[in-house]
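Q: Each chain, letter by letter, is given below.
Protein chains: 2
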Amino acid sequence: MSTNLFKEHEPKLQDALKAIQERGFFSAYPEVPSGKIYGDTAKVDGQTAFEGYLGNLFALAQSGSEGTVGDETSPYGIPMGTQYPKSIIELLVAGMSESCIAWRNASIETRVGIAMEILDRLNKRSFEMALAVMHTTGQGFMMAFQAGGPHAQDRGLEAVAYAYKAMRDCPTETTWKKQVGRDDFVTLDKTFKIVPRGIGLVIGCSTFPTWNTYPGLFSSLVTGNAVVVKPHPGAILPLAITVQICQDVLAEQGFSADVVTLVADTSGQPVTAELVENDDINIIDYTGGTSFGDWVEANAGNAVVYTEKSGVNSVIIDSVAQMRAVSGNLAFSLCLYSGQMCTTPQNIFIPKDGIETDEGHLSFDEVAGAIVKGVDWVLSDQGRANEVLGAIQNEVTAERVDNTTGMVLREGSPIEHAMFKGARTRSVKIIQLEANDKEIFEQEMFGPIVYIVATESTEKSIELASSIAMEYGAISCGLYSTNDTVIDKAFDAMTLAGVPVSCNLTGNIWVNQSAAFSDFHVSGANPSGNATLSDLSFVTGRFNVVQCRTFVPEPKKVDA
Amino acid sequence: MSTNLFKEHEPKLQDALKAIQERGFFSAYPEVPSGKIYGDTAKVDGQTAFEGYLGNLFALAQSGSEGTVGDETSPYGIPMGTQYPKSIIELLVAGMSESCIAWRNASIETRVGIAMEILDRLNKRSFEMALAVMHTTGQGFMMAFQAGGPHAQDRGLEAVAYAYKAMRDCPTETTWKKQVGRDDFVTLDKTFKIVPRGIGLVIGCSTFPTWNTYPGLFSSLVTGNAVVVKPHPGAILPLAITVQICQDVLAEQGFSADVVTLVADTSGQPVTAELVENDDINIIDYTGGTSFGDWVEANAGNAVVYTEKSGVNSVIIDSVAQMRAVSGNLAFSLCLYSGQMCTTPQNIFIPKDGIETDEGHLSFDEVAGAIVKGVDWVLSDQGRANEVLGAIQNEVTAERVDNTTGMVLREGSPIEHAMFKGARTRSVKIIQLEANDKEIFEQEMFGPIVYIVATESTEKSIELASSIAMEYGAISCGLYSTNDTVIDKAFDAMTLAGVPVSCNLTGNIWVNQSAAFSDFHVSGANPSGNATLSDLSFVTGRFNVVQCRTFVPEPKKVDA
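Line by line, the protein sequences are chains A and B. Residues in the first sequence are numbered consecutively from 15, following my numbering. Residues in the second sequence are numbered consecutively from 15, following my numbering.
Hints in this document: simulated from the structure, not taken from any laboratory. It cannot be assumed that every hint is accurate.
Heads up, the list lumps identical chains together, so a pair's fine if it works in one copy or across two of them.
Using 30 Å as the maximum straight-line C-alpha spacing, the simulated BS3-like pairs for lysine-lysine come out as follows [claimed, not checked]:
| no. | residue 1 | residue 2 |
| --- | --- | --- |
| 1 | Lys-366 | Lys-57 |
| 2 | Lys-179 | Lys-32 |
| 3 | Lys-26 | Lys-57 |
| 4 | Lys-191 | Lys-474 |
| 5 | Lys-192 | Lys-21 |
| 6 | Lys-32 | Lys-207 |
| 7 | Lys-452 | Lys-26 |
| 8 | Lys-100 | Lys-50 |
| 9 | Lys-26 | Lys-387 |
| 10 | Lys-21 | Lys-366 |
| 11 | Lys-179 | Lys-503 |
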């Protein structure tokens with residue numbers, strides 16, 4: 015239980031603490047999948063490690079397992095066949111409760127050092143992680159590397175920094191001295207101790223198994239809680255690798271592997287509800303769909319619950335400086351990972367009478383046409399299309415694309431994958447609607463389904479975007495306007511609806527992106543979730559401070 | 015909406031910010047009810063103001079009222095007869111939702127300045143408040159002045175300081191600049207805005223209507239929420255005065271009085287549940303009994319809930335340096351406000367074979383006898399007894415004292431009050447139990463009822479105190495030991511059970527006391543409540559931060 019790891023990683027922690035205070039650009043882990051950074055053999059090593067998991071048993075050091083479980087299938091069509099230890103939850107939780115004791119008694123620095131060592135090792139294995147993420151989520155390789163690797167690690171470090179800051183907000187000891195008479199004082203020595211809540215549960219999703227899970231995992235862990243990681247049954251491998259690294263580092267530092275455990279299941283025999291309702295689970299982090307998220311919030315008993323659910327995202331187009339730059343930027347946002355990001359726009363609101371642009375006035379049809387054309391261009395090259403779209407994680411999403419009808423501006427047909435013939439793919443389907451079709455477009459249509467909606471005016475567009483966000487939640491909002499009054503109005507309305515706005519994005523930055531240390535992901539201020547990644551509120555509920563105060567007798571007075 | 019008030023009060027805010035960081039002794043409002051501090055006429059003015067409320071209508075500037083309500087009775091037996099506006103909740107909430115808009119758009123400094131001005135005016139009216147608290151709660155005058163006045167104001171200021179710090183944790187704007195190529199950058203200007211949750215509800219209790227209410231009231235208020243104050247039907251006046259001052263200051267600064275409102279009711283026609291279940295209420299602060307508190311936690315819908323409920327407090331006596339100093343200190347703790355503090359000890363655990371003391375070994379009976387004798391001494395003088403005991407707030411508490419039977423070491427009979435012949439009083443009843451009577455002493459017996467319990471050993475005493483705290487909650491724990499090993503063991507066990515320990519208190523400091531800026535009141539780590547007064551966790555859930563980011567085009571490159 016030394017603090018050597020803390021000392022080793024402290025410079026990075028200090029950088030992270032500075033970054034969360036200033037919220038400018040910062041990244042601790044390089045996002046470029048280059049051999050120059052990660053080592054010449056990193057890519058091959060990653061491929062070998064990944065292939066070693068296929069068809070094999072994934073070994074974990076935790077207690078309370080009997081038999082194996084797992085039925086992941088790659089959206090790219092390759093056979094997976096990885097099996098994981100099957101947990102007997104009662105035994106697992108008992109083991110964790112026991113292992114909690116040493117962990118909560120370790121110093122803050124010990125725990126933070128271990129968490130940062132885990133992040134460091136995760137970073138070194140980013141190629142292996144990229145393949146694990148790619149073949150469970152369907153992301154293209156580049157996104158799987160970045161979002162599943164360094165960006166997820168950044169989100170983890172960000173949470174560690176907030177947790178460290180929140181724990182260090184209170185001194186460990188102080189002296190309280192009160193004057194109670196001319197020469198009389200009462201003195202108390204006080205100590206303050208961090209008391210973790212106990213066991214945290216982190217429920218992962220199928221599309222971003224690491225990025226959305228690391229903040230809850232690492233902030234519960236460094237605040238002294240044991241953590242059960244419960245991956246989505248379709249995306250276990252990335253979190254199994256994560257838990258294995260956690261257990262390795264914990265064991266090396268003299269702690270039980272049961273401090274961080276994995277509970278795998280299948281969609282046929284899910285166990286998440288049993289964990290949520292377990293009285294020994296005191297913290298729950300959930301990422302996933304809204305309906306199960308609502309159930310988790312309502313059935314968590316006394317556990318503190320942090321949710322990142324889903325929403326209906328909007329783009330409001332009022333007027334644009336450069337139409338081609340805008341349609342190109344938007345098109346990429348719509349195509350990226352086949353619209354399977356919780357930040358992908360669904361509804362694009364355009365005034366029915368058209369907008370002002372650098373090319374002069376453009377009609378509604380012309381603007382809608384420019385977006386369709388932009389998507390066509392992104393997907394016109396098969397290699398680019400495959401890399402940008404990736405594959406469809408869940409068959410249900412593919413069926414939703416196929417079954418969505420209306421005034422189709424662009425079909426969402428499958429696109430053949432050059433490398434993986436069995437990949438489940440769909441292109442971006444674009445449908446035109448009117449403002450009074452609200453009951454259609456206010457529903458979340460997860461996947462590559464886009465509604466372009468003709469509205470009476472930009473004012474009406476803002477009203478629709480904000481009212482949908484307040485009622486159903488929203489995680490992102492794109493705004494294009496050259497008019498400062500409109501921008502202020504949209505900012506005000508969407509801010510009140512709890513939706514971060516991205517204004518006039520063009521070039522290499524997209525509304526879907528959320529940067530660690532700078533962008534708060536999900537505001538917590540609308541039905542898309544009750545928490546944000548990450549802020550003080552995300553970490554302060556994971557522990558309490560309990561004080562002890564001891565009377566210090568006054569020195570005897572000596573008469574002169 | 016100027017920030018003049020902020021500038022005026024900023025030095026005090028800075029002192030408070032320093033105090034919550036260091037957690038040594040600090041107080042912003044003088045606790046001595048002296049004319050030299052509060053002005054020569056302060057006492058008379060307070061008396062006049064208080065008498066002016068009796069039998070009259072208490073005017074408030076809020077909207078949505080029809081008729082009047084109120085049936086407070088003084089535990090000292092004087093007639094009250096004050097009537098308050100009766101709210102039509104639907105109308106009240108509609109008015110508050112409207113008034114929220116300007117309030118949430120005001121700057122952080124504007125809101126903090128107004129809150130501090132309110133606290134300042136509350137302080138100036140501490141004599142009036144003391145009488146209002148005394149005649150609703152039954153506290154003695156000195157306690158009513160201190161706990162109801164300056165100490166409550168300190169708790170309010172502490173919450174303001176935490177809220178200010180939490181809001182200022184995030185910058186209001188930043189520039190994010192990411193290198194995306196050798197000479198290419200993406201730049202975003204970002205703004206971050208505090209978005210309050212909406213309307214907060216603060217549910218007061220009958221024994222400490224201001225001290226327990228100000229933290230929730232002021233932290234919701236300064237984070238931009240409107241606040242409904244819902245006093246206990248038996249202790250409306252102190253909070254009516256508070257709300258009136260809030261409304262005065264708000265109106266002077268150009269805000270609607272509906273930003274802070276009072277909803278009064280009677281025990282016969284309670285309205286708290288209706289408010290808790292109202293969908294427009296987004297934050298709830300509750301102080302009171304555990305059973306209704308549990309109901310509030312379970313029925314608050316999407317509101318964030320902070321509770322301070324009740325518990326079963328213990329004193330563990332292992333060994334003492336000076337028996338008389340200990341029994342005297344404990345006796346005062348038991349007598350103070352007739353045991354009606356949520357921090358009053360209920361169970362005193364003493365090894366059945368006695369303890370080591372400065373007077374040599376004392377048997378269990380001798381230690382129990384010393385405590386009884388100590389209580390007898392405190393109550394031997396009628397004036398002192400009246401002032402220390404005060405009166406019994408609720409008839410149910412008096413009946414509980416009368417109906418509690420067993421091996422009575424000391425009777426809890428009424429004590430005549432020298433000034434108020436109609437006062438409802440009870441003395442401290444002390445009953446002896448054995449460790450295997452756990453099903454009796456693990457129940458909360460609110461009021462002046464004390465169990466002295468003979469245990470097998472100190473080890474058993476610690477086990478009983480901590481297990482009861484974990485199952486039923488506890489807010490304080492007294493420990494007396496001259497043995498460092500025992501002290502460490504008790505600290506560890508009680509800390510894990512979420513109970514602050516006060517060790518070896520003698521003289522002018524008591525286990526019941528909880529000092530603002532230094533002591534966390536209720537840890538949040540056991541069933542006695544889910545929140546503490548005050549820490550970051552107490553304030554961070556009252557608002558969200560929502561960002562807007564705007565693309566900044568790169569300057570055109572010029573060929574050399």
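Q: If a hint holds in the structure, say so; if it doesn't, say that too.
A: Structure-based check of each hint:
1. Lys-366 <-> Lys-57: So Lys-366 and Lys-57 fail the 30 Å test inside a copy (50 Å) and across (71 Å) alike.
2. Lys-179 <-> Lys-32: both (11 Å within a copy, 16 Å between copies)
3. Lys-26 <-> Lys-57: Intra 25 Å, inter 59 Å, cutoff 30 Å: intra-copy only.
4. Lys-191 <-> Lys-474: For Lys-191 and Lys-474, neither the intra-copy (62 Å) nor the inter-copy (33 Å) Cα distance is at most 30 Å.
5. Lys-192 <-> Lys-21: between (38 Å within a copy, 29 Å between copies)
6. Lys-32 <-> Lys-207: both (25 Å within a copy, 20 Å between copies)
7. Lys-452 <-> Lys-26: neither (48 Å within a copy, 52 Å between copies)
8. Lys-100 <-> Lys-50: This pair counts as neither: shortest intra-copy Cα distance 39 Å, inter-copy 73 Å.
9. Lys-26 <-> Lys-387: Answer is neither: 44 Å inside a copy and 61 Å across each miss the 30 Å cutoff.
10. Lys-21 <-> Lys-366: Cα proximity of Lys-21 and Lys-366: none, with 60 Å in one copy and 50 Å across.
11. Lys-179 <-> Lys-503: Classified as between; 28 Å across copies, 35 Å inside a copy.
Taken one by one, the earlier hints fail for this structure at numbers 1, 4, 7, 8, 9 and 10, listed in ascending order.
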